[in-house]
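Colleague: Listed below, chain by chain, are the residues.
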Amino acid sequence: MKMSSLKAIGFRAVRSLVTLLLCVTLVFVILRAAGDPSEELLPPETPPDIRQEYRVQWGLDRPIVVQYLNFLSRVARGDLGESFASDLPATELVMRAIPKTILLGGSAFLLATLIGMSLGVTAALRHGTAVDRSLIAAAVLGYSMPVFFLGILLILVFALQLRVLPSSGSSSPVHLILPTITLALPLAGRVARFARTATLEVMGKPFIRTARAKGLGQLAVILGHALPNAMVPLLMFFGIEIGLILSGAVVTETIFAWPGLGRLLVDSVNMRDLPVVQAVILMITLIIVLSNLFVDILHALLDPKVSLARTLGGAG
Amino acid sequence: MSSASEQVDIRSTLRLWGASPVIVLCIGWLLAMILIAIFADLLAPIHYTTQDLTARFRPPAFMTGGSADHLLGTDHLGRDVLSRMIYALRTSILIATLGTLIGAVMGTLMGLAAARFRGIVDMVAMMLCDVQTALPSLFIAIAFLAFFGNNIVLFIILVSFEGWERYARLARGLVLSEQTADYIRAVEAFGAGTGRVVFQHLLPNIAASLVVQATLNFPGTILLETSLSFLGLGVQPPDTSLGLMLGEGRRYLLNAWWIAVLPGIIIFLTTLAMSLFGDWLRDRLDPTINKEG
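Quick note, the sequences are listed as chains A and B, same order. Last residue of the first sequence: 316 (the working numbering), numbering continuous. Last residue of the second sequence: 293 (the working numbering), numbering continuous.
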């Protein structure tokens, strides 16, 4: 590995850490600006002496800087207090919900990539034809569709009218189908649009013309030459999409009663179970920042053109 | 300056006639929605909160059992769905417009300041942009609403968070590349202050890009508002928004699908029209913005 990509990776890692720290700070600021955390983070019926004990335990009687450092060390240890609603540690509730969200997000991601890539590449190969235009139209329809509306339409048709698929719960693999489609279709529209642009760009490059001139068939050119070269921009694109998938998961999980992070978040907000809200928000930040870092590292490894200078330029 | 903006106006108006039928349709739909929102009081047949418990779950007029009294049927409290949709549209458009404006102004100012002052201001602004990129606005909004409770002013401010960092990055980048240009150096040599340089000379040159960005951002802002209201975290009854109508109607899908589906169609068509219009505007006004931006 070249020195320059190592530097680029190091730079991105530091940047991710700073972003993470800023997000944690933001949560701390929101928490303190909203009032006394012993009022906010303990159940309303808590007796005053327990409240006082909590204040001392969390150092709420100490200066704000000490409180901040205290908060940081607790976040680092994953100690975010107990849920009012269930008496379980907030972190544990989050840990239980994560696999469900990964399952839903992962399958939606796969489905969207499959649909989006094939439509996007097809459109690019039929550039300027009626096929291209109708695929673009389908993609625009896909990504303009609000997740909550799509979910409701799917429930209406497949769960209530045709009665072929369940509309809520997570007890069997069949329960995964409707939420996955709901989350995947808008994403597939964006993937298709992106894949089309990326393919068009790559197909115009000299090495593709050389490959064609060698007499390689369409499929061999696409799989052997075009796709590997389109991987880097696609990877960057997916890095950006992770936040959007998680946002979509909040709505999707709520509609389909899917017990993941998103539903936990909405339920906790409705019950004002603030330790859990705080834990979910921090976990989501961590997931997004880490996935972006992962994408950046892959990018630096795959693309020899990435240097520190370019990474720095990308910051602007 | 006025002649320049007039020129842009005439040019874009001329091109409007050369626009594809789809774009004309989009503009027509958006204008219709705006007019309906403005004249909601005149257009709504019945007040949106008027309940009639003897007329609950009436189907729309085009279905069997529907009547002309309630063209689009009634909901679980016997309220007229058409009237509610008209008012909901007003609320949703008002919040999304205010949110877009606030976000655009704040983001642009931050980008201008970052580019003009550089140093610590630039660093802080870019760090805030990083945080916004790391945390989607839906989560930021939910965090604030959870800790501060819901009120309409806070909600509008939170909705304005959608995409502010894109204006900031855009304005910063454009100003950085413009401010070394000869005409800016000339103005500065004549002794113009920062305010004058930024607002009289830099801003007009990047205005088109910012307007395009605002148009592209608008669907995201509508979706943020409707999603939050759908989840029950946004607009609260007795007020109503398109998202809230969907959220309420979701419970009655089996017997009365129209309560949820009709507002959903309006949200879908409006965001769709706005996306297509934004894409078109970008291609016409501003070839510098990245296609995938």
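Incorrect hints may have been included.
What the hints assert, rightly or not - Simulated coverage check for chain A against chain B, where a stretch passes if three residues somewhere in it have a Cβ under 8 Å from a Cβ of chain B:
(1) 14-20
(2) 149-161
(3) 292-302
As the list claims (entries may be wrong) - Far from chain A, some chain B residues (derived; all Cβ distances over 10 Å):
(4) Thr50
(5) Thr64
(6) Gly119
(7) Ala146
(8) Thr226
(9) Leu233
(10) Ala260
To be verified - Partial list, computed: chain B residues near chain A (C-beta under 7 Å):
(11) Phe139
(12) Phe190
(13) Gly191
FYI, nobody ran anything at the bench for these hints, they're computed from the structure. Where is the CB? At the ideal position from N, CA and C, for every residue including glycine.
Colleague: Can the hint on Gly191/B be confirmed by a CB-to-CB distance to chain A that is less than 7 Å?
Modeller: violated, 29 Å
Colleague: Closer than 8 Å, Cβ to Cβ, for at least three residues: run that test on the region 149-161 of chain A against chain B and report holds or violated.
Modeller: Answer holds; 6 residues pass the 8 Å Cβ test.
Colleague: Confirm or reject the statement that Ala146/B sits farther than 10 Å, beta carbon to beta carbon, from all of chain A.
Modeller: violated, 4 Å
Colleague: Would Ala260/B pass as off the interface with chain A, using Cβ distances and a cut of 10 Å?
Modeller: violated, 5 Å
Colleague: How about the region 14-20 of chain A: do at least three of its residues have a C-beta closer than 8 Å to a C-beta of chain B?
Modeller: Since three or more residues must qualify, the claim that chain B covers the region 14-20 of chain A holds, with 4 doing so at under 8 Å.
Colleague: Far enough from chain A: is every CB of that chain over 10 Å from the CB of Thr50/B?
Modeller: The claim holds: Thr50/B sits with its nearest Cβ about 26 Å from chain A, beyond 10 Å.
Colleague: Regarding the assertion that Thr64/B does not contact chain A, is the least Cβ-Cβ distance greater than 10 Å?
Modeller: Since the minimum Cβ distance to chain A is about 17 Å, Thr64/B lies beyond 10 Å and the statement holds.
Colleague: May I ask you to check that Gly119/B keeps its beta-carbon over 10 Å from the closest beta-carbon of chain A?
Modeller: holds, 14 Å
Colleague: Against chain A, does Thr226/B hold up as non-interface, every C-beta pair farther apart than 10 Å?
Modeller: violated, 6 Å
Colleague: Can you verify the interface hint for Phe139/B: is its Cβ closer than 7 Å to any Cβ in chain A?
Modeller: Since chain A brings a Cβ to about 6 Å from Phe139/B, closer than 7 Å, the hint holds.
Colleague: So, as I understand it, the hint says Phe190/B touches chain A; can you test that by seeing if any CB pair is closer than 7 Å?
Modeller: violated, 29 Å
Colleague: Is the Cβ of Leu233/B farther than 10 Å from every Cβ of chain A?
Modeller: Violated, because the least Cβ-Cβ distance between Leu233/B and chain A comes to about 6 Å, which does not exceed 10 Å.
Hint violations for this structure: numbers 3, 7, 8, 9, 10, 12 and 13, all remaining hints satisfied.
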